[in-house]
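What follows is each chain in one-letter form.
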Amino acid sequence: MSSRVIHDEVVAARAPWSGVVRAGQTLRIVDLAGNQAADCILYNAHDPDERYSASDTIAEQGNIFLTTGTRLLSSEGNVLMVITDDTCGRHDTIGGACSQESNTLRYGHHAKHQHACVENFLTTHAPRGMGKRDLVSNINWFMNVPVEEDGTLGIVDGISAPGLYVDLLAEMDTLVAISNCPQINNPCNGFDPTAIRLIITESVTA
Amino acid sequence: MSKYTRTAEVLTLSSTTATTHGARNHARAQAGTRAETQPTLPAGDAVDTPAGVAAADMVWDEIIGAGGYAVHLLPRGARLRLLDLEGDACAALMIHRADATAERLNVADTMKVQWQAYLGPGMVLLSDMGRVMASILDDTSARHDALCGASVTAGNARRYGDGTVYGPSPAARDRLLLALAKHGLTRRDLPPTINLFKGVRVNGDGALTFEGDPIPGAGVTLRAEMDLLVSVANCPHRLDARKAYAATPLRLTAWRGPLTPPGDHMRNGTPEVLRAFQNAEDLIGGAS
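First to last, the protein sequences are chains A and B.
Start counting the first sequence at 63; every next residue gets the next number (the numbering used here).
Start counting the second sequence at 25; every next residue gets the next number (the numbering used here).
The following block holds chain B by itself, in its conformation from the complex (with noise of 0.2 Å):
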């Protein structure tokens, strides 16, 4: 029988996925794989969890790795630890209000409003709208940037001879990109955006300095202050000068947990702050 003759009975022995039976069986056999890379379901299966977070409560565990991205749903109340887990990643983070997109992270605001260039704790990422959108609880990193921005597709193309969203350095900004399009939002929805783990500070004539030595086991515990979209790419800042696309796993961790009481020192940090407490509590008829 030659090997080219299209029977059933040749296809069936020279595969295992020549038939519909056998093509769901071999994609049901890959069940149980693990990459390194990859989200947890549900979450309360996941291991190494913050101490004392019930499984029950958790609602997100997702590794990204270098280029990855992913993108989630957060309720108020929610904490998010983003844990750069060796110590070179670089999270672009955007977050939108979930009900009402038009309401996003406004850099410029959080900046001028707190009167503070540098991210860090007892901060908040504010919106547009004068809201709190979510407080930084713990930064053992310290080390962030609100003035540069996502990496883009020519920048990474000159740097690491490709950048692609199908290649081997994808920029953060087409990752975002990809984030925000699958709930429906497009590159109008994408002003600047924030990085963490990886800094720029300023000189006295205004030029930038990046900070980037690798913090191994850095984390950030942000709580979601109203309900959140939030999209994370991990991709090397587009200061970092080495040639290497380096970019280490970044773990993202989120569970339910209680909402901002009135007493919160965060809440009550700041005069401005408080007032986008208020602005923000103003959303939901009042401080929960």
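With the rest of the complex left out, here is chain A (with noise of 0.2 Å):
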């Protein structure tokens, strides 16, 4: 069995992306330039109300972490993507998405006019008529947020190099929305917002 690119695209750095996966497709996003946050919500295609949870996804497997072998589920414990492959090792889905109002606290009022994450989902979602409300804890693909014993975190310098990629194989439909992390004041990437490119695959029987 071969397969075939559905779909072939460079997302710019600190730009948003969104579209449907089909069911039995395969998503791969590939850090191009290494430690490049990729924050990402997924969504039912046919229902947007029910999307990723972080929380389902962390208790039904037991740890925090997101490698290849996780479901991830959604809030109805449904399964939306399951990881196939991941060159990276390890995903974060604790630390959220900046956002200019999350910046001012970590950084100061300064920060507040820079562009972030949630300005980028907000975006991407308008057209849909899809909103703030459908804004949840998302996933931060080759993003590092070690925990400390003592409960401590933190977005740490990343693990990930250039093009190492994740390998999302949809289980159902599953509207996919991205945003390419602008953030410049932490190490989610590396200080220096850069491109992902985004491959969709389907297979094809001979």
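Think of the hints as simulated: they come from the structure by calculation, not from any bench.
Do not take every clue at face value.
As the list claims (entries may be wrong) - A few chain A residues that face chain B, going by a derived Cβ cut-off under 10 Å, partial list only: (1) Glu112; (2) Ala116; (3) Asp118; (4) Ile120; (5) Gly124; (6) Asn125; (7) Glu138; (8) Thr155; (9) Thr166; (10) Val180; (11) Gly193; (12) Val198; (13) Val207; (14) Gly213; (15) Ile217.
Note that the Cβ used here is the ideal one computed from N, Cα and C, for glycine as well.
Mind assembling these two chains? They're in different frames, but the hints should get you there.
This is the structure:
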């Protein structure tokens, strides 16, 4: 069985992207330049009130890190996508998305007018009639958020590198929303936002 | 006279509720009944309230049992004490900004901004708009969970054989959805929630450890830093491996209190939290 490419796109640094990955198709997210956080929320393409649930995903697998084999669960307990390959090793789902508002807390009010992931999500959601209520705890592909024994956590230097990727097999028609994180105040992007590549493939029986 | 003869006389003799007046009398005769789990109204009639709290300042007193839930509005400055009466409650908690419910608890920002995954005394709960929603004033449990969220229908069906809202083992998420629905909110308004009185710890490899041993009498007192809609369900934690649906009564008690002053130790606890207070105060035109 071979596969054919349905879609192949480079998402510019700091930009949003959203699109539907059909059941059975695989989305590959490539960290082109290394250590580029790709914030991501998944939705049932036919009923976006059903969306990715970080807490269900964490509780069901008993682990905070996402990697090969992780079932990305919805708020209704259904599998949206499964991670079928991961050359990075692990990804975050507890650190959330940066926003202008949370940036004021983490860095100061000078950061209020900087571009942020929530701005990207709201921008890509608006034409679909979606909005703020559809934003929930997300996935941060290629982002490194360890938790110390005393509970201290933080976004630290990444473990990704140029060309590393993650493969996501859609178990249902999934609306994938991505913010190619524009953050410049912490190491999630190595302080230098860069492009990512999205490749959607599907299997072809000979 | 046949007992099947449908005359007013027969029906009156055979039942006290066959007439409107009889049914009304029957319903009214129930007044004064006490259940183990119920609200106290007016809240000022509650007994065994926190020391120093005047009856006139009480705004809420309610006990919710296993699988129960409650929802209430709290004014800014109010204190909400959650009391784990027998030590085996699990309080699934969701909070919205009362006057603009699109703003709501954000567990990711709560952890990330405070550089801390474990909720406890001295920490605050943050909204998705960079504002403090509530401060954890007192906490004799310090064993909570901001990672795993509310139990769900299918999970309860697997563990207990039933996960329906009308059955013996409802899921916390379904109870919170009912709480929200009574204020016009839907599942779009329910992001991941927190659990109080049951803890989850993260090991070095990211794996979770559940901490659920009972702590009778443990309590958490929150201070509302904006007008809040508070939704609480009392259902076993989803990582609680016991076969039995075990959740003991949870008491919720709230009273009016002073607004947080500029010199408050929690407000000034960390630079991040201070800015979260400043952002909340900006809503109403300055500090108290």
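Hints versus structure:
no. : hint   : in the structure
1   : Glu112 : 8 Å, holds
2   : Ala116 : 6 Å, holds
3   : Asp118 : 6 Å, holds
4   : Ile120 : 5 Å, holds
5   : Gly124 : 5 Å, holds
6   : Asn125 : 5 Å, holds
7   : Glu138 : 8 Å, holds
8   : Thr155 : 9 Å, holds
9   : Thr166 : 5 Å, holds
10  : Val180 : 8 Å, holds
11  : Gly193 : 8 Å, holds
12  : Val198 : 4 Å, holds
13  : Val207 : 8 Å, holds
14  : Gly213 : 4 Å, holds
15  : Ile217 : 7 Å, holds
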